[in-house]
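Throw the hints in and build the complete structure from the sequences for me.
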Amino acid sequence: MQIILPTIILSCVYALLGAGFIITYKSSRIINFAFAEIALFFCYIVVFLTFFLGGKTTIPIMIVLALGFFFGLMIYRFLIRPMIGESVLSTIILTVALGIIINAVSALIWKGEVQTIKFAWRNLYNFPGGINISSTEIITIIATIVLFAALGCFYRFSKIGRQMRAAAENILLSSQRRINIYLITGVAWGISVFIIGGAGILFGANYGVSIYMANVALKGLSVALVGGLDSLRGAVPAAVIIALSEKLTAYYINPRLSEAIPFIIMLIVLIVRPWGLFGTEEEIERV
Amino acid sequence: MLEVSKIEVVYHRVSTAIQGVSFEVEKGMIFAIIGSNGAGKTTILRAISGFLGLDNAMITDGVIRFNGEKINGLLPHQVSRKRIVLVPERNKVFETLSTHENLDILGAGEKADKGSLDRIYDYFPALVPRRKALAGYLSGGERQMLSMAQALLCSPKLLLIDELSQGLAPMIINHLIEILLKMKKDFELTVIIVEQNAKVALEIADYAVVMENGRIVFDGIPEKLLQHGDVKEFYLGKKGDEEKSYHDVKQYRRSRRWWG
Amino acid sequence: MSVSNDRRRKKIIGPYLKRSYAEDMVISAFDTPFRKKWMIVGIICFCIFPMVSPPFFLHLANLIAIACISAMALNLVVGTVGLLSLGHAGFMCAGAFTAGIISLHSDMPIWIGMIAAGLVGAFLGLIAGLPSFRLKGFYLGISTLAIHFIIYYIASEYQFHAGFGYGIEIEHPSTGIVALSNGKRWYFFLGFFVWLTGLFIANLLRTRPGRAWIAIRDRDIAARVMGIPVGRYKVLGFVVSTSITSIAGALYAYYTNLVTIEQYSFWLTISYFAMIIVGGMGSILGSILGAFLITITPYLLMYLFGHLGIPPSIMDYFYAIESGTFGLIIIFFLLIEPLGLVEIWRRVSTFFKLWPFRYKPLMITKR
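Sequence order for the protein chains is G, Y and S.
For the first sequence, the tail end lands on 305 under my numbering, and the numbers increase by one without skipping.
For the second sequence, the tail end lands on 465 under my numbering, and the numbers increase by one without skipping.
For the third sequence, the tail end lands on 605 under my numbering, and the numbers increase by one without skipping.
What the hints contain is simulated information worked out from the structure, not anything from laboratory work.
Partial chain S-side listing against chain Y, Cβ under 10 Å, derived: (1) Arg585; (2) Thr588; (3) Leu592; (4) Arg596; (5) Tyr597; (6) Lys598; (7) Pro599; (8) Leu600.
Simulated crosslink set (DSBU-like; lysine-lysine; CA at most 30 Å straight-line): (9) S:Lys598 / Y:Lys211; (10) G:Lys177 / Y:Lys389; (11) S:Lys598 / S:Lys274; (12) S:Lys249 / S:Lys591; (13) Y:Lys390 / Y:Lys404; (14) S:Lys591 / Y:Lys211; (15) Y:Lys362 / G:Lys177; (16) Y:Lys404 / Y:Lys429; (17) Y:Lys337 / G:Lys177; (18) Y:Lys337 / S:Lys374; (19) Y:Lys287 / Y:Lys387; (20) S:Lys598 / Y:Lys275; (21) G:Lys265 / G:Lys136; (22) Y:Lys287 / G:Lys177; (23) Y:Lys387 / Y:Lys232; (24) Y:Lys362 / Y:Lys387; (25) S:Lys248 / S:Lys274; (26) Y:Lys404 / Y:Lys437; (27) S:Lys591 / S:Lys256.
Cβ-Cβ distance ranges computed for the label pairs, FRET-style: (28) Y:Asn296 / S:Leu523: 31 to 41 Å; (29) S:Leu538 / Y:Gly273: 52 to 62 Å; (30) Y:Arg218 / G:Ala84: 34 to 44 Å; (31) Y:Ser344 / G:Ile149: 49 to 59 Å; (32) G:Phe145 / S:Ala400: 47 to 57 Å; (33) S:Phe556 / Y:Lys211: 57 to 67 Å; (34) S:Pro594 / Y:Val268: 24 to 34 Å.
Ideal Cβ placement from N, Cα and C applies to all residues, glycine included.
Okay, here's the thing in structure tokens:
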């Protein structure tokens, strides 16, 4: 009983972290390895802005999210766009290098201090049966649901979402079909960094801001892989499975093993069904 | 309508692909470009419709004018906005999207709306039962139809078709040609068609051009081409009035190429 | 006209005119007069360098040599076969630990350590290559990453449980004839191995496995249709690459006289990937150029910082600044020339080959 609520919260955070990877993959077939560093960086900015402006974290969070969108546009404009058509591996290394740089900047400015993000609405709600939910946790759950619903509908039903999926698959053909690839892919990156920021902030609110985030971001990658890199829908069940396994292992078996569980599950899924539980089967290949 | 003047295209900044290519396409005509592999036919279509950075290709000389306006060096989506649309040779559809999604892809504010989507299905009834299928699982003929339908939805004035007949059975080719002619009439299109299958191309063309090794070597109305010895030899497989085997044609061609 | 004129013409044109497939496939550095000249100059420079250079640069050169060998191996599996292998650091670690363990328990010459490392590497490569029957692309990368973590875990368990807090220490190894006790001897020893590895890989590329690998990289379904046993060649690619990598790891262990798990983290794999991508994938010259650049960078930075007289307080953050600059350099090179340094080299040489033309002209057709 004790573990239900923490598992739910952990699933939400994992799902959002996974969504960050999935959105980047859906928009440009790239895995953004600067994910963890960007999330950490934004969390530090929230803390810094809160301190600087005084007052609650609400405004800094909104500023940082907007900044995230803009930052995504910039990453696209200066790093990804010049690499259109180059091998995916080169672009991935580019994101790794970007992560290294952002990491260095974070280390220089904030020296790896541990911080927390406290939301403006702080309250603890007590329910019968000994269940306590804090306001932070409520916000986390609601934010996850809202974000997933919005993104899912966006990609499935909106024209721009379709255009993004088309541009990710075949950028030349999209351009020949009147889709403004620069605009579409730029916005896609903006959205993806926005999600990364959001995921990071929710993580920071629940578990604290520290270098430990890098580890957890990798687990987000395993969530994305288990659910299917191109399936937003898959992230939710994958996150639940992984979070549940992790909590159960920690509780009943061995806390140290629980750290490795996400990767073990990921390996198993990769062997059995490489494109994830809900991903599009990547066997559409013609000679 | 379209005026191509001394175009030179270079790949990877090193190899010249086509050189000194000039021709003019008038409104309402079907213009055919025939020639063998590697002659540069696809290159000239791509040059008209625009290169993206990833192609490693540049137009290094010459001018392309569409209705008087220069369109060299524009990006593909800019060229598409000018109503010049290409049906490519390879990678013609979005394979991870369904057929219906492939068609429903143009942005709002352009002429594509629900009505025109339904009308497109009238032209390509074979696509109707495959609406929900992923485009990657369509057969060759269905893909070609989907690609043409997509191109049509961009409201083109000039349609560029690359290798319509590639990999398709003759019956399907005839079917597609019928649809193409119907489209042309209904939408007042001008068509540039690139074909390796010279017979098919010369049947429907108003004017044709033969490309060889990156240059235009012969042009004229189809009747003239059909009577020219070399064209008959190389592309139609006839010498005098008898059919020749491809092997003989190739040998003759090789000798003609080097010694004039 | 005269016989001697003919002979002279043949001598000048001869090397450039290949008359058979066999002639075309010869790997030779001394075929044309231009190459002969510059190869001799190069060899002289190579031999003179250790005599005149300060010991620190000699040390750098040796490090670069080891990096070259390892980078060439990685480039073989990633650039030529097209498989994503993220376990590189793990394989080097395995080779290093093998060498360490052998030299602990016996006093064998370096050959034994290298051969053992190669065998261990080959075995691990076999295991790493097996998933490639089923997985492709990124997913294969993840499975090799798992192998990296497994090797890392085993090695670190050994290091700490066998009581080597700081790592295993190795004495100067001997080749059986001469002890490799100073930088100069290592220089020639390693230089020989760089040459040998380059020759080996260049030769592989012109034989059946090499052609099969290139076919697999370009279009593996078509390769399979043509009758190439794709799975087997993929595993072969892994095995060759990882055994060379392990040998490089062993060499590193022998050279630095220290084997410790900290040197073989995932960061090492990232820096090797940087080497082959910045250098140019699928190309031997690219691996060498990339290895050179990436190995030099941290030392260059240190030198710059020392030279600019940065106050010591900033030196605390040296690691952050160094890694940040490292990232910037990678991004810089990737944006300037995504195909790597070797592409810059090719462009320059093409410029000179084509001059005074700018582009390769079309063939003349007479009609």
